[in-house]
Structures are given as structure tokens and as C-alpha cells.
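Student: Below, each chain spelled out in residue letters.
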Amino acid sequence: MDTVTLTIDGREVTVEKGKTVLQAAIDNGVQIPYYCYHPGLGIDGSCRVCIVKIEKLPKLQTSCSTPVAEGMVVSTQTPEVVEARASVFEFLLINHPLDCPVCDKGGECPLQDFSYSFGPNESRMEFPRRVFDGEGVRADVDFGPTLMLNRNRCILCTRCVRFMREIDTDPQINIVDRGYGSEIATFQEEGVHSLLSGNLMDVCPVGAITTRDYRFKSRPWDNPDAVDTICTLCEKGCNTTAWLKAKPEWAKGARLIRITPRFNPDVNDYWMCDIGRFDYRWIEGDNRLQKPLLRSEAGVLEPTDWRNVVGKVADRVTAAGGPSALGFLVSGHASLEELALIGRLGGTLGLREEGVAVGWRRREKPQAPGAKFKIPPVDAPNLMGAADMGFPVRPTSSGDADLAAFRGDVEAGRITVLYVFDPGPEGTLGDVSWIVEARQSGRLQHLIVQGVLMTPLAAAADIVLPGAAWVEKDAAYVNEQGRLQGAARAIAPPGEAMEDWQILVNVGLALGAPLTYTSSQEVRAEIAAGLGDNPRYAGLAELAFARPTAAGNWLKTSNPSERWKWDFMFQDLPPVKFVGKPGATSWMNGIPLTEVE
Amino acid sequence: MSFHPLMLYDPERFQRSERRLLEEGEPFTFAPERRAALDELLTKYPPDRKRSAILAALYLVQEQQGYLTANAVRHVGGILEMTPAEVEDVATYYVMFFKEKVGKHVVQVCRTLSCALAGAERVTEALSHTLGIAPGETDPSGMFTLLEFECLGACDRAPVVMVNNEDWHERVRPEDCGRLVEDIRARGPAASSGCHLRIERP
Ligand code: SF4
Ligand code: SF4
Ligand code: FES
Ligand code: FES
Chain W
1 MDTVTLTIDG
11 REVTVEKGKT
21 VLQAAIDNGV
31 QIPYYCYHPG
41 LGIDGSCRVC
51 IVKIEKLPKL
61 QTSCSTPVAE
71 GMVVSTQTPE
81 VVEARASVFE
91 FLLINHPLDC
101 PVCDKGGECP
111 LQDFSYSFGP
121 NESRMEFPRR
131 VFDGEGVRAD
141 VDFGPTLMLN
151 RNRCILCTRC
161 VRFMREIDTD
171 PQINIVDRGY
181 GSEIATFQEE
191 GVHSLLSGNL
201 MDVCPVGAIT
211 TRDYRFKSRP
221 WDNPDAVDTI
231 CTLCEKGCNT
241 TAWLKAKPEW
251 AKGARLIRIT
261 PRFNPDVNDY
271 WMCDIGRFDY
281 RWIEGDNRLQ
291 KPLLRSEAGV
301 LEPTDWRNVV
311 GKVADRVTAA
321 GGPSALGFLV
331 SGHASLEELA
341 LIGRLGGTLG
351 LREEGVAVGW
361 RRREKPQAPG
371 AKFKIPPVDA
381 PNLMGAADMG
391 FPVRPTSSGD
401 ADLAAFRGDV
411 EAGRITVLYV
421 FDPGPEGTLG
431 DVSWIVEARQ
441 SGRLQHLIVQ
451 GVLMTPLAAA
461 ADIVLPGAAW
471 VEKDAAYVNE
481 QGRLQGAARA
491 IAPPGEAMED
501 WQILVNVGLA
511 LGAPLTYTSS
521 QEVRAEIAAG
531 LGDNPRYAGL
541 AELAFARPTA
551 AGNWLKTSNP
561 SERWKWDFMF
571 QDLPPVKFVG
581 KPGATSWMNG
591 IPLTEVE
Chain H
1001 MSFHPLMLYD
1011 PERFQRSERR
1021 LLEEGEPFTF
1031 APERRAALDE
1041 LLTKYPPDRK
1051 RSAILAALYL
1061 VQEQQGYLTA
1071 NAVRHVGGIL
1081 EMTPAEVEDV
1091 ATYYVMFFKE
1101 KVGKHVVQVC
1111 RTLSCALAGA
1121 ERVTEALSHT
1131 LGIAPGETDP
1141 SGMFTLLEFE
1151 CLGACDRAPV
1161 VMVNNEDWHE
1171 RVRPEDCGRL
1181 VEDIRARGPA
1191 ASSGCHLRIE
1201 RP
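Heads up: the sequence lines are chains W and H, in that order.
Each step along the first sequence adds one to the number in our numbering, with nothing skipped, and position 313 is 313.
Each step along the second sequence adds one to the number in our numbering, with nothing skipped, and position 185 is 1185.
Okay, chain W solo, but in the shape it has when bound (with noise of 0.2 Å):
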């Protein structure tokens, strides 16, 4: 790696060549502001508050668009760039609505902090702000179907233009006019149409680009835990933060209030897909099984207890003859733990090989062919995982699950119980209304479904056994790059619901299987003596799981693409500022307080 070295405040720093002075002073912990830059998109060098003096420059430099180069010499503190950076951050606010109290940003935002450190004490601004469509939140407009615009709150930057350029190679998104009539815009007022259309949230360093689904629906300050997991919707496993709602357990709602990307270069970069984004809402939802259910004799499907409807799942398996009678249908959401405890169920009652399918869906995501981030076709998070476990992955030529022969067993009566495994949301399991179909014409006699939903699957079955979804567990996946990774367990499965390896433990013991685990970890560790020789499965027995971060750091896990300024940023709030003497004109220009030190 070739390096350069120069001199920042005073400071020799030692960085990679080709960085910008921004770049170097990041990774040195050197505070400089900054908006359009953003590490994941291409340099634009239009807000203007990274700048600093260089020397031998005449003028001041932005740092977001100057290359590092051997021994120039920067400071960002002198008067000089103190004082024009808070030009800078005057002229940003000249139009800035600072409805701050009711944006959604709010708490996490740029601009307030940034402001806040580097910004002038006050305004000299007396004429009106510019408005569009009306003050405040009366100015959002719907921005396609996932978010919301308010350009009163924009400064500007053009991340969300470069985002939809660079990263969904779709640019929908342009400023119209110049200069001070400029406005962030699509063609014809239509919005934006994308899958990845969450990211310009993030990327937005403002209150300007909201969603839909977090827009009112709770402050940074109220959700004070995050857990860093990954998701599971589709084969690419994107790593994400879970954020929880701070509130008492006998209050009504979720307590899992969005869900974020998080930056790691050989996944997801700082990206995630809309899907993985939105679709958690199911999972603290009605139609979540909380309690297990077994078919009564008047044919309807009733709660019991655990003991006796593992008892029933055991009872059943027993009578019906045998392991040849018996078949396992796995959703390609099943983690490795869970993977493993069905093979060690399988393997104690001599099930056939044939007795065993996984399934999972494809659907191919409309995006445009060149995005440089590809939400993958599969919906499943472990077919890696499957296929390393031993388990049946067999697509056919269109990549769909082949469960030809599986189905005709089921459906010529060879296979007469049937376990499905179904963890992943509604849908992800396949197409399985012939299961339904057989169940009920009666060619299979009895269908038993670990999942979590009131599917039609499950309104099928005879015995009903609530799982966790992939928040509600930890458990450890393994992507369509072969890379093992984990999701932690961010919050509770609801009601008696239980973690799936605990359910599978419990049906192995009723069957008479000698499991002993008491944790998933032991599973783990099994698994990873089993395929030790797979580098793959190297840090298995290891594998950690975040839990949520403390109350008190919920500022460190920030706006997901701005978290990395926060590891060397802010600490806590810079101390309250207040104006040091009357404002020029009126009251109303600054309370006189006295200034903080």
C-alpha cells in the first residue's frame, strides 16, 4: 500500500494514498464537518462546510475533494476556517425550517449537530425562509411509495441524486431549476419507484427524506436499544441494527421500530433492500402463533400446552409406523442450529433420505440491471447452510425448489405425517397449497407445522407449534457468498412461543432422541466439531451475538451511514450554547443567557 503523510493540526498522519483530507482526517479522529460527502457515494463538493486551510493554497480548500498529498500541511482550527465554516453553516440555515421538534431526524440529524459545534450562535437572516407547499410538516409530499419529501428541511447535498445515480444506477431523482429556486424533485411529481428507496433516508443528512414507516412514529431518545443482527429475508444477509421502543410491557404496540443497515463492505456496503427494511411489521403482529394449538375432535384448532402437544407430536409420529411414514419439509429459513436438530431427529428415527425436502422461494426483484446492489432472487437466508448440513437443496432449471417426488409421496399417501418447518414469513416457504390441498382431501393424515404465522399452512394442520422469527432467536445463517454470520435475538418471541431449537429438543426428547443441549450455543458447537474441516464453519463454536447496547450509547449507533462519525466524535452533547449578548434587532433574535463554557 502506497502512503502518504501529512500534517494535520499539528499533527503527522500516515494514510493510504489516493484519500482525500477529509478521508484522513476521519480515520485520525480529526473533527471536520461534512454533508455531501458520503463514504459509500461519489465526491460532489457542494455544501462547502468541510473546509480547511491548506498551505501553499490561497484559498480555503474543500477537504472532501482534495487528494492527500506528501507533507501538506492542514489545519482546521485557525480563525480563519473557524470562522468561514460558520459562514458556511449560516447560509445552510437561511432557509432551514429548524422545525426540529417535529422532524423525524430529529435527535440523530446532521445538521443539528454539526450546526450546533461549528454554526454561529445566531442568524442574522431577517428576511422570510423560502417555503415550499407550506410550513412545516404540511410541506411533505409524497416522494413514491416508501417516503416522504419535505424540501423546506433540504440542504441540498445531492446524496439523494448521487444514491439513485451511483448505487440504483436508476436516477429518478433530480434538482429542477438553479441556483436559489433549486428543488429536489422526480420527473412529473412521480416519485421514487425502487427497492432500494430506504437508503435515501439514510443517506439524507436532514429531515428532508423520510419514510413512511417510521415517519411519527417515535424519537432517537425513545428507542435507547439497538442490536446489531443481520436479515434473513433473502440469500444475501444483509447486516442491519434492530431498533426497540422503549415501553412498558403492558402498553400496546411493537416494540421493534425500524430496522437499519449496517456498514460492512463485503456484504451490504451501507446499503439494504426495502424489503428486508419494511417487512418486519408481521412480527408483532395478530397473526403471530403464540401458543400451541392441536386439532380437537370437532376439528378445530385449539390452544393446549407445550407438554401435551409435544406428547401429541411424539404420539402421532409413533402411530403412524414408523420412520418411512414420516417426513420433514424444511424452509430454507432454518438456521444451522435447527438444521441440526432435525438431522439428529431424523438420524435417531431412521427417517429415508426421501423423507426429507427443503423449500424455499425465488422471486426475481425488479431493479435496474446495472444496481450496484442486488437484492438476490432466493428468499432464503441458509441454503448454503442446508447444503453443507447435508440436507436435499435441489433446485430445478429456474432455481425454484424441486419437490417433485417429495410431493408426489406426499400425495400418493407414501409419506402420512408430515413436520414443516416454516420460520420465515408468510409465502417464504414456497408454494404449499398442496400440502393444504392433500391435508384436506385427506391423502395426508396428519400435518404437523412449526412456524410462525397463522398461515393457510398452519390453519391446515393438526398440531401447531409456535417458533421465533429470525429477531426473536439467535441463530447462525449462511449466505449466498458461503459467509457465516448471526441474528441476534433483539427481542422476545411473543406469548409461549419458543425458540425453534428449544421446540425441536423437546420433540427429539419426546421421541425418545438423546439430546442434551441446554443452549443454542451447544448446538453450535456441536455442529462446528461435525464440519471442522470446513473453513466455512471456523468460528461457529464462537459465533457472538450482540445484545441491545446500553441506554446511554444510543447516539453511537446513530444514523446508520453516519454511525462511524460517532465512534470518534461526539462522546456525549457538546455543552449548550447559548448567544453571549442581545441579538441586533429584537428579543426574538436570541434570549440573552449567559454563555456556557
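Honestly, the hints are just simulated from the structure, not real lab data.
Predicted, not measured: the structure shown is a model, and the values here were computed from it.
Among these hints, one or two may not hold up.
[Said to hold, decoys possible] List time: in silico DSS-like cross-link candidates among lysine-lysine, alpha-carbon distance up to 30 Å: (1) W/Lys372 <-> H/Lys1050; (2) H/Lys1050 <-> W/Lys365; (3) W/Lys59 <-> W/Lys17; (4) W/Lys56 <-> W/Lys19; (5) H/Lys1050 <-> W/Lys374; (6) W/Lys19 <-> W/Lys59; (7) W/Lys17 <-> W/Lys53; (8) W/Lys252 <-> W/Lys217; (9) W/Lys372 <-> W/Lys17.
[What the hints assert, rightly or not] Every beta carbon over 10 Å from chain W, so not counted as near; a handful from chain H, in silico: (10) Leu1041; (11) Glu1063; (12) Gly1078; (13) Thr1112; (14) Gly1132; (15) Leu1147; (16) Asp1156; (17) Gly1178.
Note that beta-carbon positions come from the ideal geometry of N, C-alpha and C, so glycine has one too.
With chain W held as given, fit chain H with the ligands onto it using these hints.
Tutor: Then chain H with the ligands, alone, in the frame of chain W:
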């Protein structure tokens, strides 16, 4: 995007901004000779940089139908491999592209400093009076549109009036405006007194 209760996309209930949108306009395709001119021009750019010809393409649209419409923007975008949003971005940046219907002759008075000091406002008033329209408007006959522009680059001959993005009238005095309008009405672009650069340095 039915997975989210708040995200059922219903354009009918869309809360739209109040910004002025381009007219949809008639279906648009370039007349064959203009299309040929554009294709000829495109040979001068690398095949993956077709978008470089955007200004020329937008001028050709105006040549054909006087102003830009949404359909024209889509057509240009299609040829230059740009999204309509990108075309609109450029088109709205430049004032010489007209985003609404204009008269046959667009009279553009410079209002920037040099011209303003030399009495451009009086010229605008005089033109306004002669044409019976305020700046920004088109007269009922559809013959004239009066616009105020920024510096036209002929400050030493202020005040300057440009017609149809092309023809200069320099050192215009308010009392000349009546004749100027008559002249344009009678002789069209030929009435131009011409840019001094062209006249003095042939
Ligand atoms: S909407 Fe946000 S991201 Fe886009 S230009 Fe405005 S401030 Fe920047
Ligand atoms: S791309 Fe796949 S893993 Fe990533 S957020 Fe979307 S659904 Fe989740
Ligand atoms: S961050 Fe450097 S100009 Fe915006
Ligand atoms: S100020 Fe009018 S032409 Fe320059």
C-alpha cells in the same frame, strides 16, 4: 409493495408538491431531418456518452415545437439513454429552454447589473407597454413572449435585448422599443441589429 400497510401505492391519493410541472403535450418524435441532425451529432461522442448531446437535442425540440413538454423530454431521454429526470434536471437548469408555451418571438431583456444601470428596467417597461403584457407573459396572439434574463455577455453595449435565444439588439433605448417590435413583427429575425461581435469582427 403490499408488505407494508402504509405503503399501498395510490397515485390518486398522492400528496403532490405544488411545483409547476411540464405540460404532457402532444406525442413527440423528432421530425426526420432533426433526428438525422441529432444522429449526426451523436457520432461525435463516444457511444456511452450520448448524453453529452443533451443541449443540442433540447434546442432541436424547441426548434420543432417551440418549448419543452414531458413527452419531448421522454423522447430525448430515450435517444440519449437518460432518464426523464436527468433530462429535466438539465432542461430546468438553463433558462433558454422554455418549460411552457411561448410566443413565436421571445423577447429577452437583460436585467443584470450593467444593463440595469444603463436603464434596462425602462426598456422592459417600454416593451411591456408596447406589447401589452407583463414580463413572463405571452400576448394573446401568441406572437410575443417577454422575459427578463440574466447577463447576456454584451455588457459593454448595455442594455441588451435578445430575441429567440439568438439575435441581439444592443444599446436599446426605451423609445426604440415600439419600432423594434414592429420590425420583428414585420421581418422576423431579419430585424435583428446583430451582435456587435459579429458585425465588428466578421
Ligand atoms: S433531500 Fe436530503 S439527500 Fe437529497 S439533496 Fe436534500 S438534503 Fe440532500
Ligand atoms: S437484500 Fe436480502 S438480506 Fe439484504 S435487506 Fe434485502 S431481503 Fe434482507
Ligand atoms: S463535504 Fe466537502 S463540500 Fe460537502
Ligand atoms: S449585464 Fe446585460 S449583458 Fe451583461
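Student: Compare the structure with each hint and give your call.
Tutor: Against the structure, the hints:
1. W/Lys372 <-> H/Lys1050: At roughly 22 Å apart (the allowed maximum being 30 Å), H/Lys1050 and W/Lys372 satisfy the hint.
2. H/Lys1050 <-> W/Lys365: Between H/Lys1050 and W/Lys365 the Cα gap is close to 28 Å, so the pair holds against 30 Å.
3. W/Lys59 <-> W/Lys17: Cα-Cα ~23 Å, so holds.
4. W/Lys56 <-> W/Lys19: holds (20 Å)
5. H/Lys1050 <-> W/Lys374: Holds: H/Lys1050 and W/Lys374 sit about 26 Å apart, inside 30 Å.
6. W/Lys19 <-> W/Lys59: holds (21 Å)
7. W/Lys17 <-> W/Lys53: Holds, because 20 Å separates the two Cα atoms, which is no more than 30 Å.
8. W/Lys252 <-> W/Lys217: Between W/Lys252 and W/Lys217 the Cα gap is close to 13 Å, so the pair holds against 30 Å.
9. W/Lys372 <-> W/Lys17: Given that 30 Å is the threshold and the Cα spacing comes to 25 Å, the pair holds.
10. Leu1041: holds (23 Å)
11. Glu1063: About 23 Å separates H/Glu1063 from the closest Cβ of chain W, which puts it past 10 Å; holds.
12. Gly1078: Answer for H/Gly1078: holds, closest chain W Cβ roughly 13 Å.
13. Thr1112: Holds, since 13 Å exceeds 10 Å.
14. Gly1132: holds (28 Å)
15. Leu1147: At roughly 15 Å from the nearest Cβ of chain W, H/Leu1147 sits farther out than 10 Å, so the non-interface label holds.
16. Asp1156: holds (25 Å)
17. Gly1178: holds (33 Å)
The earlier numbered hints are all upheld by this structure, with none contradicted.
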